[in-house]
Amino acid sequence: MEPLKPVSPGARIALGAGFFAVFIAAWGVATYGGYVPPLFLASPGKTLLAGWSLLTEFGFLGDIAVTIWRVVGGFLIAAAVAVPLGLLMGAFKPIEAFFEPFLSFARYLPASAFIPLLILWAGVGEAQKLSVIVIGSVFQLVIMVAGVAGATRPDLVEAARTLGSGRLSILRRVVIPAAAPQIAETLRLVLGWAWTYVIVAELIGATSGIGHMIMDSQRLLDTGQMIFGIAVIGIIGLVTDLLFKAANRRLFPWAVL
Amino acid sequence: MSAKTLRIAGVTRTFPTQRRAAPTLALQPTDLSVAPGEFVAILGPSGCGKSTLLRIVAGLDRPTAGQVLLDGTAVAAPGPDRGMVFQSYTLFPWLTVEENIRYGLRERGLPEAQQAEIAARFIARTGLRGFEGHWPRQLSGGMQQRTALARALANDPEILLLDEPFGALDHQTRELMQELLLEIWEADRKTVLFVTHDIDEAIFLANRVLVMSARPGRIKAEVPVPLPYPRDWTMKTIPEFGTLKARLMGEIRDEVRKSLA
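In order, the protein sequences belong to chains A and B. For the first sequence, counting from 1, position 8 maps to 8 in full-length UniProt numbering; every step adds exactly one. For the second sequence, counting from 1, position 252 maps to 252 in full-length UniProt numbering; every step adds exactly one.
Rather than coming from a laboratory, the hints here were simulated on the basis of the structure. What you were told as hints is all true, and nothing was included just to trick you.
Here chain A is said to cover these stretches of chain B; the calculated rule only asks that three of the stretch's residues, wherever they fall, bring their Cβ under 8 Å from a Cβ of chain A:
1) 79-85
2) 101-107
Calculated Cβ distances over 12 Å to all of chain A for the following chain B residues:
3) 25
4) 32
5) 36
6) 113
7) 179
8) 232
9) 244
Beyond 10 Å from chain A on every Cβ pair, some chain B residues (computed):
10) 16
11) 17
12) 23
13) 219
14) 226
15) 239
Just so it is clear, the structure is predicted and the values come from calculations on it, not from any experiment. Where is the CB? At the ideal position from N, CA and C, for every residue including glycine.
Required output: the full structure, derived from the provided sequences and hints.
Given below as structure tokens:
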């Protein structure tokens, strides 16, 4: 091991899988070895069995689908607002000066604290679930996109001007393409946060979804089901992350990400 | 061929400083006239305001007083009639070499076929054949600056503004780029304003060298270069070249010493 020396791709995968193995082994020792009572923590085998029954008997796939739908829906609404606004703020400083102070305030408002109000306003239906995710991610996203767009290299903007680009053309042909890879990276990050908010939204006043299943399992003290639910979120997160990364590499072959 | 006269009339630039201190004078009132087809080098120590002057001609910076006139019309903003190559690498990283060269043509809304034809011509002239589809990050510094030159030339500007375009290149690449630029200029005779701090480069390329003083900048000497074109590298070894170099070195040394004092 040398400082900063890169690791080969094969070794990287082996090491990454290795820690999963260590983690599951430690879990197995703690549960099968009797160090932790089964009431508090189900063993890996129990968890898998609980997961199997969830999927085959309790329609858990439907819950997963509902939760994914909520995350994607809320995230797309947030992105549809945040990306254009962030780009305009980054490119045009008066627009930034207008919105930035409010956004800096708004992004500290915890989305979960809005849940009682949102239930009052929107009931316990889908609108409320989506609102939690939107509130949780939109302000952060605007600020991050504005930061990325604002960091466009000024010398590229100058070069575009000497080549005949006007204001809107610079936004369209310089600022947006220059910022695109970083914006995609930001979206990937914020999608991860959206998963946190959806579960919080589903813990209260939901009749479906992964979060709702976890709450139900708590009443039955079924730690296997709870752990399985949490693990499913982790797996979905890992898969979307890999998909996002692959898409970014394909979309932006010119960038070194 | 284009034929517009560039006139710089009383152009001055002061930069405001922090906390109510007196503003810094970067450029003293400067007058200059450049005839169509001239190759003028502006030579000066670093920080003398030579880049500021070029940026004002480009329209990227505004003069505090005075104006820049192109055939009598005042210049207020950047435009495709004044092509520029910067010292830093300013190719658009998300466009290939060919797309970079077509940038200004697309901006003007030229038909696809005409864009391709013009781009192909400048790709050939700057020796970039075979690299049309490369991303800028795959190119060496010299190749990137060739692309930047082709990108500026493709717009068919009245004037080419070059701000130390070879300043970041190694010595050998730099000399090859000088010859490439000369070749293009000898064929097209486009007006060129070339900013540099390299004396050899100024003499080798230009038919007139303007020496700028240390900050606040002003044109302190004008040295015609009576060497005939076409020029090649052997020119750098003849006695006349040496005489001119000695004279310019004398002028520059005083200014560098002043700027260090």
